[in-house]
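Asker: Listed below are the residues making up each chain.
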Amino acid sequence: MIKNKPSYPFETIGVAIAFSPRLESIIVETHRLAKLFGAKVLFIHIGKNTKEKEKRLVTLLTKHNYYELNYQTIWAEGDTVDTVLSTCKQNIVDLLIFGALEKENLMRYYLGSISREICRKAKCSVLVLVKPSMTPKPFRSLLVNGIEHPKTVHTLNTALYFAKYEKSEKVAILKEIYLPALSMAIADENTEPEVEKIKQELVEEELKKLKTFVSDTDPSKLVTDIHCLVGKPGYTISQYSKEHKTDMLIMNSPDKNLNILDRIFTHDIEYVLAKLPCNLLIVHSRVNG
Amino acid sequence: MLQKNEIVLLLFSISIMLTLSRIVAEVGKKYHLPIVIGEILVGVILGPTVLGMIKPDWFELIFPPAGSVRIALDGITTLSVIMLLFVAGLEVQLPVVLEQGKLAFYTSVSSMIVPFATGFGVAWYFPEIFNLEDNSYHLLFSLFLGTALAISALPVIARTLMDLNIYKTKVGMIIMASAMFNDLAGWLMFSIILSKIENQDGRIKLWMSIVFTLLFGILMLTLIRKVINRVLPWIQTNFSWPGGVLAISFGLCFMSAAFTEYIGLHAILGAFLFGIALGDSVHMHERTREIIHQFVTNIFAPLFFVSIGLRVNFISNFDLTIVLVILVLAYAGKLIGASFGAWFGGMKSREAFAVGAGLNARGAMEIILGTLALSAGVITTPIFVALVVMALVTSLSSGIMMKAFLRP
Numbered sequence: 438m439i440k441n442k443p444s445y446p447f448e449t450i451g452v453a454i455a456f457s458p459r460l461e462s463i464i465v466e467t468h469r470l471a472k473l474f475g476a477k478v479l480f481i482h483i484g485k486n487t488k489e490k491e492k493r494l495v496t497l498l499t500k501h502n503y504y505e506l507n508y509q510t511i512w513a514e515g516d517t518v519d520t521v522l523s524t525c526k527q528n529i530v531d532l533l534i535f536g537a538l539e540k541e542n543l544m545r546y547y548l549g550s551i552s553r554e555i556c557r558k559a560k561c562s563v564l565v566l567v568k569p570s571m572t573p574k575p576f577r578s579l580l581v582n583g584i585e586h587p588k589t590v591h592t593l594n595t596a597l598y599f600a601k602y603e604k605s606e607k608v609a610i611l612k613e614i615y616l617p618a619l620s621m622a623i624a625d626e627n628t629e630p631e632v633e634k635i636k637q638e639l640v641e642e643e644l645k646k647l648k649t650f651v652s653d654t655d656p657s658k659l660v661t662d663i664h665c666l667v668g669k670p671g672y673t674i675s676q677y678s679k680e681h682k683t684d685m686l687i688m689n690s691p692d693k694n695l696n697i698l699d700r701i702f703t704h705d706i707e708y709v710l711a712k713l714p715c716n717l718l719i720v721h722s723r724v725n726g
Numbered sequence: 064m065l066q067k068n069e070i071v072l073l074l075f076s077i078s079i080m081l082t083l084s085r086i087v088a089e090v091g092k093k094y095h096l097p098i099v100i101g102e103i104l105v106g107v108i109l110g111p112t113v114l115g116m117i118k119p120d121w122f123e124l125i126f127p128p129a130g131s132v133r134i135a136l137d138g139i140t141t142l143s144v145i146m147l148l149f150v151a152g153l154e155v156q157l158p159v160v161l162e163q164g165k166l167a168f169y170t171s172v173s174s175m176i177v178p179f180a181t182g183f184g185v186a187w188y189f190p191e192i193f194n195l196e197d198n199s200y201h202l203l204f205s206l207f208l209g210t211a212l213a214i215s216a217l218p219v220i221a222r223t224l225m226d227l228n229i230y231k232t233k234v235g236m237i238i239m240a241s242a243m244f245n246d247l248a249g250w251l252m253f254s255i256i257l258s259k260i261e262n263q264d265g266r267i268k269l270w271m272s273i274v275f276t277l278l279f280g281i282l283m284l285t286l287i288r289k290v291i292n293r294v295l296p297w298i299q300t301n302f303s304w305p306g307g308v309l310a311i312s313f314g315l316c317f318m319s320a321a322f323t324e325y326i327g328l329h330a331i332l333g334a335f336l337f338g339i340a341l342g343d344s345v346h347m348h349e350r351t352r353e354i355i356h357q358f359v360t361n362i363f364a365p366l367f368f369v370s371i372g373l374r375v376n377f378i379s380n381f382d383l384t385i386v387l388v389i390l391v392l393a394y395a396g397k398l399i400g401a402s403f404g405a406w407f408g409g410m411k412s413r414e415a416f417a418v419g420a421g422l423n424a425r426g427a428m429e430i431i432l433g434t435l436a437l438s439a440g441v442i443t444t445p446i447f448v449a450l451v452v453m454a455l456v457t458s459l460s461s462g463i464m465m466k467a468f469l470r471p
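For the protein sequence lines, the chains are A and B, in the order given.
FYI, in this note's numbering the residues of the first sequence are 438 to 726.
FYI, in this note's numbering the residues of the second sequence are 64 to 471.
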């Protein structure tokens, strides 16, 4: 039963493959992660099963010691996004890995590219690798989105699980505080120090809540930094991640089906998907199905 | 060109309006009264209601009813309205509405449709209540009343939510998201009504106004918004700060307003939609936003709100029946509509009522809407007075009602 299955441990890792030039590096990255978590690997290719493709895959898997792992390949045809996602559901995949460009061209982005659509619709956690490497390195610096939401506890726990296995040196959690219309509300009725005080109090209040949340969720104290920043949700964390050169950004899965309107009036995770600041782990807590 | 004595008079009247309104507003602040109440009160004192009654010659000397000074003051008032709509637009964040999902959608739509239908229905079927003299405006007046009852006042709402410490809660964000939607839909609808009034000769038909408004809205909220988001970082890097950004922002706002006025829509639409397009940019510095707000809210807003009192005699135009009818319609429409939407979207009934109470605040936006409608001749002065009273009463009662509904 996939419903209500915890978001970790990663027992089954799915890999969406497209026989692109990055296939080999994705295979190498997945090998490292599957070995780390002791997971079974499920390669999913949507497209015709040809002898050439099969031969190339077998060669690569042999080259990269997949005999050490329990793996399986699924060849399927149909709509790429829907078929990948239904395969993940049927096989109770805990983590789906695939590569994606840092930034899609405008048309592809608005129409919905395959990788972005999987991120939006997946019912399991997904790991998007922006620059998969032939010599993969552990994710040393993680950044978790600390939004106040019932899913965040699962996301943070998954991040801590990841950090524990990866021996990450830095696990930061960032809560974005969005204050729409605040400037307007306080423009005429407060002195400059009062305005600053109001903002500072709002930030401190949120920081206090976040610290309590982290200390309740992380008894082993793996979280190294706790921050609250005022700014637009999604955009602020994306910028922070870029500026601090984090290896992986970890976020909750979207609450609703995101469509083109969400891309036109960009918000939350769409800011991240518009331009991936680093590797992205979207945690699907599966508590609500 | 103004004569020397006219310049003196103009500067003196502006000085009186600004200083007195600020002093009264600061006193009102001690009693937690919104600034706008102080500003309107000063207008009432300086205008025909008090000064005009006691010393009519003084009133006419300081605020001449005609001539160059009057024209200059009217020009400043027009500029103020455009800038007020621009800053109102700056805070309308459509992504917030999307982010809040279905609950915000149900609340927004229901809090718009029910008050609109209530206002429209009563004005359409019982026009005699409002003593309408000109029957040719029956449809437009009905549409206007529906719109006037449907909008909310984002600044008052944000302020009330902060005072109640529920700004960052789910209830707070739903109220904010719905108020933003109401503002957008309300001003779009109102600009269609205004353009219809201003084109009574039939040059621009109603369907054309609707199509133009929608097209301009879509263009501003999609393409122009994206262009602004691209260009703003360049301006902020290469132009002096904050002067460069301020000059370009206001310059483009007036350009957009001029364009909408030129194509037969109202200038406020251009300013409002440009505000939304600019305010949505992730590159808009919070400090720049604050400076724009400080400039408009503390200089141009008082001039506008004081000028309202200067135009209207609030005592002789106070019609208790109209005031009561508008108050009942305002409370009933918004409370029922917004609460039902929030409840239907999944909120508990007490929280849903709190949402209704929060969205019931009309504040400054209602007064701006009423002033434009009065200038355009859609409403009579007693209806305008009733709208001002309704705006103030709903703003004052909103926080008290929300507190009562949210009490454990």
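Quick caveat, the hints were computed from the structure, so don't treat them as lab data.
Just so we're clear, the structure is a prediction, and the values are computed from it rather than from any experiment.
Among the clues, some could well be false.
In silico lysine-lysine, DSS-like type, Cα no more than 27 Å apart, as pairs [unchecked claim]:
#1 A:560 to B:165
#2 B:233 to A:645
#3 A:485 to A:607
#4 A:636 to B:67
#5 A:558 to B:233
#6 A:679 to B:289
#7 B:165 to A:693
#8 A:601 to A:636
#9 B:466 to A:646
#10 A:634 to B:289
#11 B:165 to A:526
#12 B:289 to A:712
#13 A:634 to B:92
#14 A:645 to B:118
#15 A:636 to B:268
#16 B:466 to A:540
#17 B:92 to A:693
#18 A:648 to B:289
#19 B:233 to A:646
#20 A:693 to B:231
#21 B:233 to B:268
#22 A:574 to A:601
#23 A:558 to B:93
#24 A:646 to B:268
#25 A:636 to B:118
#26 B:289 to A:693
#27 B:466 to A:645
#28 A:636 to B:466
#29 B:67 to A:558
#30 A:636 to B:231
#31 A:646 to A:574
#32 A:634 to B:466
#33 A:648 to B:92
#34 A:645 to A:477
#35 A:693 to B:93
#36 B:411 to A:634
#37 B:93 to A:560
#38 A:634 to B:165
#39 B:118 to A:646
Asker: Taking the hints in turn, state whether each one holds.
Answerer: We went through each hint and held it up to the structure:
no., hint, result
1, A:560 to B:165, "holds, 20 Å"
2, B:233 to A:645, "holds, 19 Å"
3, A:485 to A:607, "violated, 43 Å"
4, A:636 to B:67, "violated, 47 Å"
5, A:558 to B:233, "holds, 24 Å"
6, A:679 to B:289, "holds, 22 Å"
7, B:165 to A:693, "holds, 9 Å"
8, A:601 to A:636, "violated, 36 Å"
9, B:466 to A:646, "holds, 23 Å"
10, A:634 to B:289, "violated, 34 Å"
11, B:165 to A:526, "holds, 26 Å"
12, B:289 to A:712, "holds, 15 Å"
13, A:634 to B:92, "holds, 18 Å"
14, A:645 to B:118, "violated, 59 Å"
15, A:636 to B:268, "violated, 48 Å"
16, B:466 to A:540, "violated, 47 Å"
17, B:92 to A:693, "violated, 42 Å"
18, A:648 to B:289, "violated, 37 Å"
19, B:233 to A:646, "holds, 16 Å"
20, A:693 to B:231, "holds, 21 Å"
21, B:233 to B:268, "violated, 42 Å"
22, A:574 to A:601, "holds, 15 Å"
23, A:558 to B:93, "violated, 52 Å"
24, A:646 to B:268, "violated, 56 Å"
25, A:636 to B:118, "violated, 47 Å"
26, B:289 to A:693, "holds, 24 Å"
27, B:466 to A:645, "holds, 25 Å"
28, A:636 to B:466, "holds, 22 Å"
29, B:67 to A:558, "violated, 70 Å"
30, A:636 to B:231, "holds, 12 Å"
31, A:646 to A:574, "violated, 34 Å"
32, A:634 to B:466, "holds, 23 Å"
33, A:648 to B:92, "violated, 35 Å"
34, A:645 to A:477, "violated, 40 Å"
35, A:693 to B:93, "violated, 45 Å"
36, B:411 to A:634, "violated, 33 Å"
37, B:93 to A:560, "violated, 54 Å"
38, A:634 to B:165, "violated, 34 Å"
39, B:118 to A:646, "violated, 59 Å"
Hints 3, 4, 8, 10, 14, 15, 16, 17, 18, 21, 23, 24, 25, 29, 31, 33, 34, 35, 36, 37, 38, 39, counting from the list given before, are not met by this structure.
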